[in-house]
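Line by line, the protein sequences are chains A and B.
Take the first sequence: its letter number 330 is residue 330 in this note's numbering, and every next letter is one higher.
Throughout, this note's numbering is defined as the position within the second sequence, counted from one, plus 1000.
Everything labelled a hint here was simulated from the structure, so no lab data went into it.
Some clues are possibly wrong.
Not close to chain B: a few residues of chain A, all C-beta gaps over 12 Å, as computed [as the list claims (entries may be wrong)]:
id: 1; residue: Tyr83
id: 2; residue: Glu338
id: 3; residue: Thr341
id: 4; residue: Ser370
Subject to a maximum C-alpha distance of 25 Å in a straight line, what follows is the list of computed SDA-like cross-link-like pairs (lysine to any residue) [stated by the list, open to error]:
id: 5; chain 1: A; residue 1: Lys307; chain 2: A; residue 2: Ser351
id: 6; chain 1: A; residue 1: Lys17; chain 2: A; residue 2: Lys307
id: 7; chain 1: B; residue 1: Lys1176; chain 2: B; residue 2: Pro1205
id: 8; chain 1: B; residue 1: Lys1133; chain 2: A; residue 2: Trp8
id: 9; chain 1: A; residue 1: Lys17; chain 2: B; residue 2: Arg1206
id: 10; chain 1: A; residue 1: Lys196; chain 2: B; residue 2: Leu1069
id: 11; chain 1: A; residue 1: Lys17; chain 2: A; residue 2: Thr304
id: 12; chain 1: A; residue 1: Lys17; chain 2: B; residue 2: Pro1205
id: 13; chain 1: A; residue 1: Lys17; chain 2: B; residue 2: Thr1096
id: 14; chain 1: B; residue 1: Lys1176; chain 2: B; residue 2: Arg1206
id: 15; chain 1: A; residue 1: Lys196; chain 2: A; residue 2: Asp154
id: 16; chain 1: B; residue 1: Lys1133; chain 2: A; residue 2: Ala322
id: 17; chain 1: A; residue 1: Lys17; chain 2: B; residue 2: Tyr1094
id: 18; chain 1: B; residue 1: Lys1133; chain 2: A; residue 2: Tyr13
id: 19; chain 1: A; residue 1: Lys17; chain 2: B; residue 2: Asp1099
id: 20; chain 1: A; residue 1: Lys17; chain 2: B; residue 2: Lys1176
id: 21; chain 1: A; residue 1: Lys17; chain 2: B; residue 2: Ser1135
id: 22; chain 1: B; residue 1: Lys1133; chain 2: A; residue 2: Asn244
id: 23; chain 1: B; residue 1: Lys1133; chain 2: A; residue 2: Arg9
id: 24; chain 1: A; residue 1: Lys307; chain 2: B; residue 2: Leu1141
id: 25; chain 1: B; residue 1: Lys1133; chain 2: A; residue 2: Tyr5
id: 26; chain 1: B; residue 1: Lys1133; chain 2: A; residue 2: Arg15
id: 27; chain 1: B; residue 1: Lys1133; chain 2: A; residue 2: Glu338
id: 28; chain 1: A; residue 1: Lys17; chain 2: B; residue 2: Pro1138
id: 29; chain 1: A; residue 1: Lys196; chain 2: A; residue 2: His14
id: 30; chain 1: B; residue 1: Lys1133; chain 2: A; residue 2: Gln2
id: 31; chain 1: A; residue 1: Lys196; chain 2: B; residue 2: Asp1099
Coverage of chain B stretches by chain A, computed from C-beta distances (three or more under 8 Å per stretch; other residues unrestricted) [unchecked claim]:
id: 32; segment: 1062-1070
id: 33; segment: 1077-1091
C-beta: ideal position from N, C-alpha, C; glycine also.
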Amino acid sequence: MQSFYLAWRYLAYHRLKTAILVTAVTLIVYLPVGLRVLVDQSSEQLTARADATPLLVGARGSPLELVLNSLYFGSDVPAQTRYAAVAEIRESGLALPIPLYTRFNARGYPIVGSSLEYLAFRELRVEQGRSLAMLGECLVGARVAAALGVGPGDYVISSPESVFDLAGVYPLRMRVAGVLGFSDSPDDDAIFVDLKTAWVIAGLGHGHQDLSQPEAVGQVLSREGNEVVANASVQQFNEVTEGNIDSFHFHGDLSDYPLTAVVVVPPDERASALLQGRYQSDEQAVQIVRPREVMDELLGTILTVQKFVVAGAVIVGGATLASVILVFLLSLRLRARERQTLFKIGGSRASVGLIMGSEILAVLIIGVVSAGVLTMLTSRFASAAIRALIGL
Amino acid sequence: MIQVEGLEFAYGEGDFRLRVPALNVPEGENTAFIGPSGSGKTTLLNLIAGISVPAAGSIRTHGVEVTGLSDSARRSFRISNVGLVFQEFELLEYLTVQDNILLPFRINPSLRLDREVRERAVELASQVGIQDKLSRNPHRLSQGERQRVAVCRALLPQPGLLLADEPTGNLDPLNKDRVLDILFQQVEATGTTLVAVTHDHELLPRFERVVDFKSFEAVPSPTGQDEDARTTGPSEASERLPSGRVARPDQDRGP
């Protein structure tokens, strides 16, 4: 015990040297172990979400982009498909189609335009307030509510895609209808709106003052049957209220309206196989993907990269370990006079050895414990870290 | 206290040899070893302390045959019975003054550190005037203060014998006197036997007896071999110098 006290005093007195040695040992242990934990946990999380999403239909293009956008609402917006895809799947009777339109965001959080079926599919429950009931309302994920400090009755405003986008996308002020319970998934970081609300944000649907009213006569340029042409002074609504909701309308054929993806939930493998067969033709404008297969491909790439990183870490760790051993040996040489003094005074061989050994032991223990703590932290934040790493 | 008989010692390398046919240091006596560098003064201290082991002969300290003990037993004997003071103080920089004084109780399980020992350490520090510096590290002390810490460390286990190797060699005149005063006060108060190596002849009057290694002279043996030399006092010591001659101290010096 006395020897450990002396070793501790030595380490405390040489703080900088101790800190450097501990850091080196920590890195030697942490780099390969932490990386392994990071990849393992992330793989688990990524595949779990992918496993829970049987099929995705989207426009032809990058399957990875389609999956990442649809499952994590991050990445770039994939090529858009038409709402007609939903009707086609529904008419086939082979699966439940759930539309997704995840193009916009509000204060950095993705706005997911979908249907209430999505909430049921992901088993998301409304913890505060109520579910979506009216155009222009939103449900916020648990982490969004905490980060923005919003709850039922508050408002969030969609962000324009670009400050220079003067023509199309105007910010929509959305009333928070409810807050979703924590699900430890990307849904916690999302804002959910009805698909039509998402289209309103896209500028495909809008509400404005009633041009049939006499007070709007000064803004009407021409009137031919049902077609009214007005000037730019017509007031457009940037919030849906009970007072103006009837003025909101959509132009054109809804089946041509955009979606980023359709989550497809077949009842069984047979239906799944039949559906996939329908989208095999290269001439089709849409593709169907199994998210698990796409994620496996991505993870394969990550694992390949991991092998290189681990190999690098092992080399760096080896060099660092050699340096640490050198420092310990030099330290022992520098302390030769101290050992001689302890011997002359009458220090027992075991005590003197323990004092010198305890220095090394303490550094190793502190280093390994630090690496353990770092690994635990990595494990705790692995999913967020990997999502940040792959740009989700 | 110290009885040396037929002592012979040589280092593994070189031609240095030390031979002491007889040396007696009575209990409670203050003895100075003087002589030129390399004449074996420190070697003899190390042999008496059991740090080095002679090739032949015996050393009895406190009635214990030190040369017959194992390495482990010699260490335990040394830490309990022999206090050592070095010219370079040999304090551990990473320990406070208090921890330096308590050091012997932390490096050998034959000494037990308890509250009484801690109180005695503070009392010793107080007696030598460093009680207000107990929490400092040695680098924040003057040379004189460092040697006082070293003296406290040597005395804390209450050894019967104090061996000091040029204890004032690194001190200015003022601190030299102060440290010597403390050293003599402490050994007198506790009845400790003091053997000190010194090059400073001004200090010799303060010792009860002086063994001068320089004044040895060669005495050929009847067989043609070198013969041990005898001191004129109660002690007997001789040294075989590197040249091979045997010298004899012609007289004791002392107060």
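Consistency of the hints with the structure:
1. Tyr83: For Tyr83(A), whose nearest Cβ neighbour in chain B is about 75 Å away, the distance exceeds 12 Å, so it holds.
2. Glu338: violated (6 Å)
3. Thr341: The claim is violated: Thr341(A) sits with its nearest Cβ about 4 Å from chain B, within 12 Å.
4. Ser370: The assertion about Ser370(A) holds, with a minimum of 22 Å to chain B.
5. Lys307(A) to Ser351(A): This hinted pair is violated, its Cα atoms lying about 44 Å apart.
6. Lys17(A) to Lys307(A): violated (32 Å)
7. Lys1176(B) to Pro1205(B): holds (14 Å)
8. Lys1133(B) to Trp8(A): holds (21 Å)
9. Lys17(A) to Arg1206(B): The hint is violated at about 46 Å.
10. Lys196(A) to Leu1069(B): Status violated; Cα separation ~97 Å.
11. Lys17(A) to Thr304(A): violated (36 Å)
12. Lys17(A) to Pro1205(B): violated (49 Å)
13. Lys17(A) to Thr1096(B): Holds. Lys17(A) to Thr1096(B) sits at ~19 Å (cutoff 25 Å).
14. Lys1176(B) to Arg1206(B): Distance of about 12 Å is within 25 Å: holds.
15. Lys196(A) to Asp154(A): holds (20 Å)
16. Lys1133(B) to Ala322(A): The given pair, whose Cα atoms are some 41 Å apart, is violated under the 25 Å limit.
17. Lys17(A) to Tyr1094(B): holds (13 Å)
18. Lys1133(B) to Tyr13(A): holds (17 Å)
19. Lys17(A) to Asp1099(B): holds (22 Å)
20. Lys17(A) to Lys1176(B): The hint is violated at about 36 Å.
21. Lys17(A) to Ser1135(B): holds (22 Å)
22. Lys1133(B) to Asn244(A): violated (83 Å)
23. Lys1133(B) to Arg9(A): holds (18 Å)
24. Lys307(A) to Leu1141(B): violated (56 Å)
25. Lys1133(B) to Tyr5(A): holds (21 Å)
26. Lys1133(B) to Arg15(A): holds (22 Å)
27. Lys1133(B) to Glu338(A): holds (22 Å)
28. Lys17(A) to Pro1138(B): Holds, at roughly 20 Å.
29. Lys196(A) to His14(A): violated (66 Å)
30. Lys1133(B) to Gln2(A): Status holds; Cα separation ~22 Å.
31. Lys196(A) to Asp1099(B): At roughly 77 Å apart (the allowed maximum being 25 Å), Asp1099(B) and Lys196(A) break the hint.
32. 1062-1070: violated (count 0)
33. 1077-1091: holds (count 8)
Violation of the numbered hints given earlier is confined to hints 2, 3, 5, 6, 9, 10, 11, 12, 16, 20, 22, 24, 29, 31, 32; the remaining hints are satisfied by the structure.
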